[in-house]
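Colleague: So you can see what is in the structure, the chains are spelled out below.
4 protein chains.
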Amino acid sequence: MKTETTLKRGFASDNNAPVHPEIMKAMLAVNEGHTIAYGDDPYTEVATEKIRLLFGKDVCVYLVFTGTAANVLNLAAATHPWQSVVCAETSHIHEDECGAPEKFTGCKLLPVQTDDGKLTPESIATQLYGFNFEHHSQPRIISITQSTELGTVYTPQEIKAITDLAHNKELVVHVDGARIANAAAFLDISFKEMISDTGIDLLSFGGTKNGMMYGEAVVFLNTSLSENFKYIRKQGMQLASKMRYIAVQFDAYLTDDLWLHNARHANRMAHLLAEKAARIDGIKITRKVEANGVFAKIPKEIIHALQKEFFFYVWDENASVVRWMASWDTTEEDVDRFVSAIQNLLSDL
Amino acid sequence: MKTETTLKRGFASDNNAPVHPEIMKAMLAVNEGHTIAYGDDPYTEVATEKIRLLFGKDVCVYLVFTGTAANVLNLAAATHPWQSVVCAETSHIHEDECGAPEKFTGCKLLPVQTDDGKLTPESIATQLYGFNFEHHSQPRIISITQSTELGTVYTPQEIKAITDLAHNKELVVHVDGARIANAAAFLDISFKEMISDTGIDLLSFGGTKNGMMYGEAVVFLNTSLSENFKYIRKQGMQLASKMRYIAVQFDAYLTDDLWLHNARHANRMAHLLAEKAARIDGIKITRKVEANGVFAKIPKEIIHALQKEFFFYVWDENASVVRWMASWDTTEEDVDRFVSAIQNLLSDL
Amino acid sequence: MKTETTLKRGFASDNNAPVHPEIMKAMLAVNEGHTIAYGDDPYTEVATEKIRLLFGKDVCVYLVFTGTAANVLNLAAATHPWQSVVCAETSHIHEDECGAPEKFTGCKLLPVQTDDGKLTPESIATQLYGFNFEHHSQPRIISITQSTELGTVYTPQEIKAITDLAHNKELVVHVDGARIANAAAFLDISFKEMISDTGIDLLSFGGTKNGMMYGEAVVFLNTSLSENFKYIRKQGMQLASKMRYIAVQFDAYLTDDLWLHNARHANRMAHLLAEKAARIDGIKITRKVEANGVFAKIPKEIIHALQKEFFFYVWDENASVVRWMASWDTTEEDVDRFVSAIQNLLSDL
Amino acid sequence: MKTETTLKRGFASDNNAPVHPEIMKAMLAVNEGHTIAYGDDPYTEVATEKIRLLFGKDVCVYLVFTGTAANVLNLAAATHPWQSVVCAETSHIHEDECGAPEKFTGCKLLPVQTDDGKLTPESIATQLYGFNFEHHSQPRIISITQSTELGTVYTPQEIKAITDLAHNKELVVHVDGARIANAAAFLDISFKEMISDTGIDLLSFGGTKNGMMYGEAVVFLNTSLSENFKYIRKQGMQLASKMRYIAVQFDAYLTDDLWLHNARHANRMAHLLAEKAARIDGIKITRKVEANGVFAKIPKEIIHALQKEFFFYVWDENASVVRWMASWDTTEEDVDRFVSAIQNLLSDL
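Here the protein sequences line up with chains X, D, S and B, keeping their order.
The first sequence maps to residues 2 to 350 in our numbering.
The second sequence maps to residues 2 to 350 in our numbering.
The third sequence maps to residues 2 to 350 in our numbering.
The fourth sequence maps to residues 2 to 350 in our numbering.
No wet-lab data here; the hints were simulated from the structure.
The model shown is predicted, which means the values in this text are computed figures rather than measured ones.
Zero decoy hints are in this set.
Since the list gives no way to pick one copy over another, a pair counts as held whenever it fits inside one copy or between any two copies.
Listed below are the simulated BS3-like cross-link pairs for lysine-lysine, each with C-alpha atoms no more than 30 Å apart in a straight line: (1) K26 with K51; (2) K170 with K231; (3) K309 with K51; (4) K26 with K9; (5) K285 with K301; (6) K193 with K26; (7) K277 with K309; (8) K301 with K9; (9) K289 with K277.
Please model the entire structure based on the sequences and the hints provided.
Modeller: As C-alpha cells, this is what we get:
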C-alpha cells in the first residue's frame, strides 16, 4: 500500500498530514477495558476540562467529529430558521460545506465581499437591516474564521470591534476556529485573550488540521446558548459512541503545548516557503503570509508538472494563483525540495 | 486515568468495548506521510473494494463516521421529504436517533408494533396504503435491523418475503446493519446470501460495534440510488478529512475474517451468559438469544447493586427486564464473574 | 360550467360546500379602497379581537390560509426539531398532511392507536419516556383533534385530564380545531369552557370547514409561545398579502353566532342522516355520532352506484365502511334523497 | 369600519389594492352547490387550461395561495438540498421571504449585485464554479424576477441569453412573475414570446398583485420537473381545499384580457406619476420607469408628512429614495392629488 502516491508529500492541505505521534500514543494508551459510551466517561471529562481552562472562564464544551459539524451545530444552537448568518464570501461555511449550514439550520447565509477574508464592522453593517420586519431574515450571527481561509489573522482589536457591533444589535459572534491554533501562534496570545476577552460567543475549536486524527470541540463562551446542545449534537449525527478516542486526542493535543508547537511549526514553514519562493523570478506571493497558508501567482505552464511531484491546489485558475498549506509535519527539506522543483520547472520553460 | 470506573468491565453495550488490536495496528501503520484528504486515496479504494467483494455484485460504498449517520444518509439518498419509512417500533431509527431521520430527510417514520423486533409482510402491509393520494405521506422505504435491537435475527427467507412485498409496491428495503456481523455469524451465511441474494437495496454496514474505533459503510446494492450520495454525505457533515484512518480500519476488519471471529465470539459469550443465567433461580431469559444480546427478567432489588459492579442497562423498568450485550472482548471469565455476582446478590436477598 | 357534476350535492366533505352568503357579503363589503397589506390593517384588528373575546383571556391570534398550515406552524412555534408530538394514529397531522409537520418542524410524530380517535392519559403515557436522554426525541406536544377525525368529541373533563398530564411533564397541548365549532355545538359550551378553562396551550381554530372560503386562526392560549410567530408564519409561506379578505370572513363568521348556527345545523343533519340510515336493513352505523360525521357499514355492492349520485368517501374498503359528512348547507331534503337512494339501491340487489 | 385609514389611497403596493370587480363577480357566481375539494373540479380544469393556452406549449399548472409559496415550491421541485440558486441581491426570494427558500428547499441562495435588479450572463457566471466538487453547493437554478423589484423589465433577448447560459451548464431558469403582467404590458408581447420562446423552465405566475384576491400559479414549462409537485404542494401547506375560488379568479383574470388591461393601466399610471413628479424641483426619478414602480429621491423633510396622506414605503433611508407603486385601481386623480401634495409640502419647506 505504501505506493509512491500515498507517500508523496506536499502542500495541499493540513488535512493531508498524518496524526501526531503523541496523539496516536494517547489513543493506544486507552485501548483496553470498557468505558461508558457517548461521552459520559472520565476521559471526556478530563479533555473538556482542559479545553475549559484555555478560556479562563466558565464555558461549555462538546466534542464532535468534523469541522463542518462543529460550525453547523454551533450555528444551529444559536439560531431560529428565520434568522441569518453574516459571513465572508470566502468563508468555509459559505463556500465549502455544500450548503450544510442552510440545510441543518434553515437559516440564510449572507456572504460579504472582502479583500483579505476578514469581515469588518463596516462590511458587516451593510447586512444589518430589516430588524423586526417579518419579511426579512433576521440577522442573528456574525461568523468569522480565525485564521481565515486566505491565511490572514484577525487581531484581538479587530475581533472586539466586531463583537461590540454584534452585541449592540443583540447578535452573537461565532468563530470558525478550524485553524485557530495557527492564529494564536501568529499573534502569540492565549485563547483567553483572543476569544474570551474579545467577547466571542461561540467557537468551533479545531483539532484535525493541527495533528489530530478526527475531532473538533464546540465551545460555548456564551453558555446560555448551550442549553439544548446535547440533543442538537445527537440529532446532527455527531455523537460519537466510542468518545474516549476523541477525548484523549484533545488531552494529548493540549498537553505540554503540543497544539502550539504544531501550529508554530506550520506557520514557520509557511513563512519560510513564502520567503524562498518570493525570491524566485516569476513567482509572486499575492497575500501577506500570517498563518500557515501561502498564496502565490505562478506561471500556468509549470502548475501541472509541479502538482505531479507535490500535492497542492489551484486557488484561482484564471489568475494562476495557487494555495500552498504548511502543516505540523512539513520539514525544511520539504520546503527546499519544493522550491528547487519550482526553479527547475521554471528553468525548463 | 485508569480509575476503577473506567476499567470496569460489563455488559452494557458493544460500544463500551475498546478497539481490536489488529485494527489499531492498521491505523498506526499508515500514520506517516501525506495522503489526499476526503477519500480520494488508495486506502479508501482498497477498503471499499473489500466491502464490494463481500456482496458478490456491483455495489457502491461510502464511508461515514457513525451508525446514525449511515442510516439517515442512506434513507435520504432514496427518499423525497413527502415519503415515509416503515420500521419497527423498537428500531434504532425510531427510538434512538433523536429524530435525526425526520430532521434530515423530512420524511415520516411509521413505527410498527412487533413481538420480537422483526417486521413481517403482514405487519408492514398495515402501513402500505394511500398510494398516489397527495394528502398521505407516500410509503417508500421499509427499514429492518439485522440483527435487531431485541437480539433477534431475520432469516434470508424472512428478508426475501419483505423485499418481494416492497418491490411489488415499488418500495425499497434498507437494512440497519449496525450488528450485521452478529447476524451473519448466527446464521452462518455470507453477506452475499443474506443481503445481495435477498434483494436488499440499501445497507448500513456497521463496524464500530464489532471492534472498530469509528466508521460505518453506506452500501448501495441498488446502485441507481447512490447517484448524488457524495453531496448528501458532505451536506450531512459526514465526509471525513483524514479518511485513510477509517479506510484502514475496514481493511483490517475484513482481513482474515476478523469481523467474523469478533462476531462469533460475542454471540458465543451471549449464549453462554444466557445459559448460565437461565439456570439461576429468579432469573428468566425473556427472549430467544440469537445474536449478542440477552434480555432477562431479574429481581428489581439486585439491579442497582449489580450495575455497580458491571455496566448494563435496564430495558423495561416496569417489567424489571434488563439487557446484557456481549462484545468481541467479553471473556468467559467476565461471564463467570457476572453470574457469580448475580448469585451472590440473590443469596443476600 | 354548471355541469351536473359540479352541482351534484353530497356528503363527501364539509370542504365541498360553498361559502356562507353572509361571509361572502362581508368580503364584498370591503372590496374598495386601499388597505395596508400583510395584516397591519383595522379589519384584521377587529377580527382577531373577536377571536380573542371567545377565549375570555389574553390570547395571541394569527391568521393563515389552511388548516394544515395552522397545525404545522402552531407545532413549530412550540417545538425544537429534536422533540416529538404525540397524536392519535387517525389524526389529520399524522394521516393527511403528507408529512408537512415533520418537514417543517423536523420533529418526530408518535402515533397512538385509539378506539375512537381520542387520546387518553393512559394511551399518551405509553409515549412519555426517555426524558433527558439525548438519544430519544423528547416528548413536547400532545396534539388532539376536536371534534376528531372519527366524528367523536372530547368532553372538557377528558381534555383537562390530558392537559394535567402534559403540564406535569412540562409538555404543552395543541388542539387541531378544524371542526371545533361542531364540537362546541355538540357539547353546548363556550370556547372558553372547552379550551381556556381546560388549560389548552395551542389551538388551530378552523373556519373553512364551517362556511368560510379560506382562513384559519392560530391561537396561542399560552402566549409565551407566540413570541416569534410572525417570522414562522412568513417563513412558512402563510402570510396573506390581502389579509383584509381573511379578516372579514372571521368577522362575519363570529357575528351573531353564525359559526354556531352553521355547526349546529351540520351536526343536526348528521344525526338525522344517521337515524334514518340506521333504520334501513343492511346499514349499520359503526360509531356514535357526535359532531357532523357519520360512519356506516354498507353493502359493498351499492357503494359505487351511490357515489355516482352523491359524493362521499369510502373510509375502510375492507370493512366496507364509508364516511358521510354533513355541512352547514346540507338540507333535510339532501338527507331524504340520499336515504331514498340507498333504499332503492338496496332493493335492487 | 370604513375609517379614514382604511380607505386612504396611496402608492405603497399593488397588494394594498382591492379585488377587481369582475374577479369578485366570478367568485360570487360559483358560490353555490358542492364541488370536489382540493382541485379535482371542473373550475380548476378550466382555469389551468386557460393558463396553459397562454404559453403555446404543453405546460403543467398548479394553483397555490401566495407568491412566496409559488417561488419556494417551484424551486423545491427542481432542486436537491445540496444545490444552489443564483439570484439578484434585490430579488424577493433573497430579500423578502424571511428565508423561506432556504428553510423549505435546504438550498443555498447566491445573491448577485446588480445595478438595476437584473442578472446578466456575466454576473451570473461569477457564481458558476465548483461543479462536481462535493464541498461546494452545486449551482442548479438561476432565478430572475420579471418585472424586477426595481421596476425594470428583461427583454426577451436578455432572458434568452440567460437561459442559453443556464442550459449549457445543465441549470434551469426560474422566473418570479409576481408582476409578470406588468412586464408583458411594457414589452407588448405575449407570455409565449416572453417565457416559452426564451426557454424558461419554471414560472411563478402571479395574480394577487394585479387584481386577484389570492392565488398564484406554479407553471412548469419544463414539464419533467413537475412529476412530484402534487406532493410538494401539499407538504408545503399550499393545497387549497375550496380550490374553486382560486380557479375562478384565474378564469376571470384571463378572460377578455383583464390581466392585460389591469397591467397596462398600472404601468401607465406609474409612467404618468414619474413624468409629473420629475417636473417638480427637488424630486429626482432615480431609475428608468418600465413597469409599475417608480423610484424617486425626495427631500427627507417631506417624507413623513406625505406618508400621512398617501401610503408608500421608503426604499433607501440613507439616500432618501422612496418607492411608489401604481396598481390596477390607481386613478389619474390619485396621481394628481399626490403630485399636488408633494408640491404643497415642498413649498412649505
